[in-house]
Amino acid sequence: MSALMEVRVCAVRQLTPVVREFTFEAAEGQLPGFSSGSHVQVLMPLGERTLRNAYSLLGDPADSTRYRIAVRLQDASRGGSRYLHERVAVGDRLQLSRPHNLFPLHSQASHHVLVAGGIGITPFMAYIAELQARGASFELHYAFRGRLTDAYVDELAERLGDRLHAYDSSAGQRLDLAALLAGQPLGTHLYACGPQRLLDGLREQARALGWPDGRVHWEAFAAPEPGLAFRVELARSGQRIEVPADLSLLEALEAAGVEVPNLCRGGVCGQCATRYLAGAVEHRDHYLDEAQRADSLMPCVSRGGCASALLLDL
Amino acid sequence: MTASGTDTIFSKPRYRTAASPQPARRRLLVAQDAACAVPLLDHPAPALLLSLGGELAADIQQERFPSPAALYLRLQLLLEQAEVGTRLYVVGDETFVWHVYRLARHAGLLGDEIELIKSGARRRLYCVHCATFQDIGEEGEANCSGCGVRLLVREHFSQRLGAYMGVCLDPSRPYGEDRP
Ligand code: FES
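Note that the protein sequences, when read in sequence, are chains G and A.
Counting in my numbering, the final residue of the first sequence is number 315, and the numbers go up one at a time with none missing.
Counting in my numbering, the final residue of the second sequence is number 1531, and the numbers go up one at a time with none missing.
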């Protein structure tokens, strides 16, 4: 992975019972600029292991003196979001990767439709800053659970007026995907970020209504799920590595000093593709097709079986 | 994350022979000759046919135009009011279909939303030496109508120009014979 940088936490805000916002400034020097839709990886030292989670930068890209991220506490997580919620305070130092953008705005669009589910609002906070600065045409559809995952909804209502369409599931309001997709002018591009269920529903509806894939852009929540412990063997170096239940294969490789290129750490960008020579694989990515899965896997999310060691071409 | 299709600028274009089964909410069919639009009819979405002439005995809405310019103008207006879910199908010779293609891309359609069917042999040739366009048939060589140089018609097709590239056939004779 590319160079890391050190930041200092300069503000922490609890936005909802489960969403906490962190503001970072450079520990020294300047933070690199970023474009809207970018994310950074945050390194979290948990005991002797280091977890890395990717979070969207939600500040205004025109101002890169500070970075902001918002983190939802995930119950089923491996401890990354819990660490940020419970252990990180103002004045602490953290390590981040440089920003990368896997979810950029489409420059040729004449109208932008943004669809956010819950904490999926984060990349759009930066989008909105940029779109407003450009005077671009856009609308935001934001589905959340009131007083739980409704981060920024008041601020957005004030900034966007009737360009914000809010759907509070605790009040029985539902996002009607077909209605949202109907009647959009020809130059429209659609961007979605949220739970897999929302993304799948949207893609299916969009296709049925004649939207080609090139108009529909999405970002899944990128975080590996824990699994069972398994063993890997590296064919070239002969190294053997144990991957514990709460670490991803990528993290276990990194802990053993093996660098694998990666960006999203959530099985969507395709960067970390690694060949394997033998063993059972539990594929959990959204990138490889069936044919590619016969000899490649994405170590940021996918895991080996517990019966026999997985032999990697590394 | 989706990758939007990038246009290959230079390649020999490939054409469809019938409408794809891609879902659509509305279809615009554009034909030089309405009779050639038959392979485009097999699709459930409502369609409107714009043509320059010819007869199509089918139960769809049709509009006919006296000139290409009038047809292009009408299409432009239709696309300005169109919504996502609209697909465009074009049938005609290469000069025609690529003109319509560029117009539609300009109006906001993606390459994936446009289907081209080729009929007829007319092609457009672009002289890389003097930037003149001219219409040719299937021949592999031609005299440039601009600078008179003998051109070899390369297989390279520029989608941006809607034309094949013509390059000087004989480097030892870089000028036309009867150039004043
Ligand atoms: S790092 Fe993006 S797919 Fe693995």
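Any given hint might turn out to be false.
[Unchecked claim] Footprint (simulated), chain A over chain G, 3 or more residues, beta carbon under 8 Å:
| hint | segment |
| --- | --- |
| 1 | 175-184 |
| 2 | 187-194 |
| 3 | 207-218 |
To be clear, the hints were calculated from the coordinates, so they are not data collected in a lab.
A quick note: this is a predicted structure, and the numbers were derived from the prediction, not measured.
Think of the CB as a built atom: it goes at the ideal place given N, C-alpha and C, for glycine as much as any other residue.
To see whether the hints hold, each was checked on the structure:
With 3 residues bearing a CB less than 8 Å from a CB of chain A, the segment 175-184 of chain G meets the requirement of three and the coverage assertion stands. Taking a C-beta to C-beta cut-off of 8 Å, the segment 187-194 of chain G contributes 3 residues in contact with chain A, enough for the three needed, and the coverage statement holds. For the segment 207-218 of chain G, the stated coverage by chain A holds: 11 residues have a C-beta nearer than 8 Å to a C-beta of that chain, and at least 3 were required.
Checked against the numbered hints listed earlier, the structure breaks none of them; every hint is satisfied.
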